[in-house]
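Residue strings, one per chain:
Number of protein chains: 2
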Amino acid sequence: MKVKVIVMPKQSILDPQGVAVRDAMRHHGLPGAKSVRVGRMIEVEVDGADEARLHDIARDLLSNPVIEDYQIIFE
Amino acid sequence: MKVKVIVMPKQSILDPQGVAVRDAMRHHGLPGAKSVRVGRMIEVEVDGADEARLHDIARDLLSNPVIEDYQIIFE
Numbered sequence: 001m002k003v004k005v006i007v008m009p010k011q012s013i014l015d016p017q018g019v020a021v022r023d024a025m026r027h028h029g030l031p032g033a034k035s036v037r038v039g040r041m042i043e044v045e046v047d048g049a050d051e052a053r054l055h056d057i058a059r060d061l062l063s064n065p066v067i068e069d070y071q072i073i074f075e
Numbered sequence: 001m002k003v004k005v006i007v008m009p010k011q012s013i014l015d016p017q018g019v020a021v022r023d024a025m026r027h028h029g030l031p032g033a034k035s036v037r038v039g040r041m042i043e044v045e046v047d048g049a050d051e052a053r054l055h056d057i058a059r060d061l062l063s064n065p066v067i068e069d070y071q072i073i074f075e
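These protein sequence lines are chains A and B, in that order. Under the working numbering, the first residue of the first sequence is numbered 1, with each subsequent residue one higher. Under the working numbering, the first residue of the second sequence is numbered 1, with each subsequent residue one higher.
No wet-lab data here; the hints were simulated from the structure. There's no promise every hint is true.
One copy or two, either will do: identical chains are not told apart, so a pair holds if it fits within one copy or between any two.
Derived lysine to any residue pairs resembling SDA-like cross-links, with alpha carbons at most 25 Å apart [said to hold, decoys possible]: (1) 4 to 28; (2) 34 to 75; (3) 4 to 71; (4) 2 to 34.
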């Protein structure tokens, strides 16, 4: 079973890496870049995925819940 | 316009961060974790996205084409 976990900075949190990437995009010929947020994509191949356990792991291991939100996509 | 750029390590490249996360998952009650790959998810809000320009930026700025593949999702 393939599972994707997407971890993004919370909307209310300033993402300095995203701001730096946005400015670089503007200097590389994309002046319309309005906002950029940089997060992580974790692809997991797992046998017999326990959904509750995956949520625990996404919260405790893969993200920092103080500044990040996660989303789990089961495929 | 919202655009997502997903940057993942190439399949043929060893992903040590993914191996470390897989081992940690196994120790956190998910013994079925077979493989994990860790990449980046970049969300861009852009006015008047030029598709060819976005591909240039994804290749030159957001990824390292030697070890990573990128994928652009237009929403």
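These are the hints, each one checked on the structure:
1. Proximity of residue 4 and residue 28 under a CA criterion of 25 Å is satisfied inter-copy only: 18 Å between copies versus 30 Å inside one chain copy.
2. Taking identical chains as interchangeable, the C-alpha atoms of residue 34 and residue 75 lie at most 25 Å apart only when they sit on different chains, with a minimum of 15 Å there against 31 Å within one chain.
3. For the identical chains of this complex, residue 4 and residue 71 are neighbours both inside a copy (8 Å) and across copies (15 Å), given an alpha-carbon limit of 25 Å.
4. Taking identical chains as interchangeable, the C-alpha atoms of residue 2 and residue 34 lie at most 25 Å apart only when they sit on different chains, with a minimum of 10 Å there against 33 Å within one chain.
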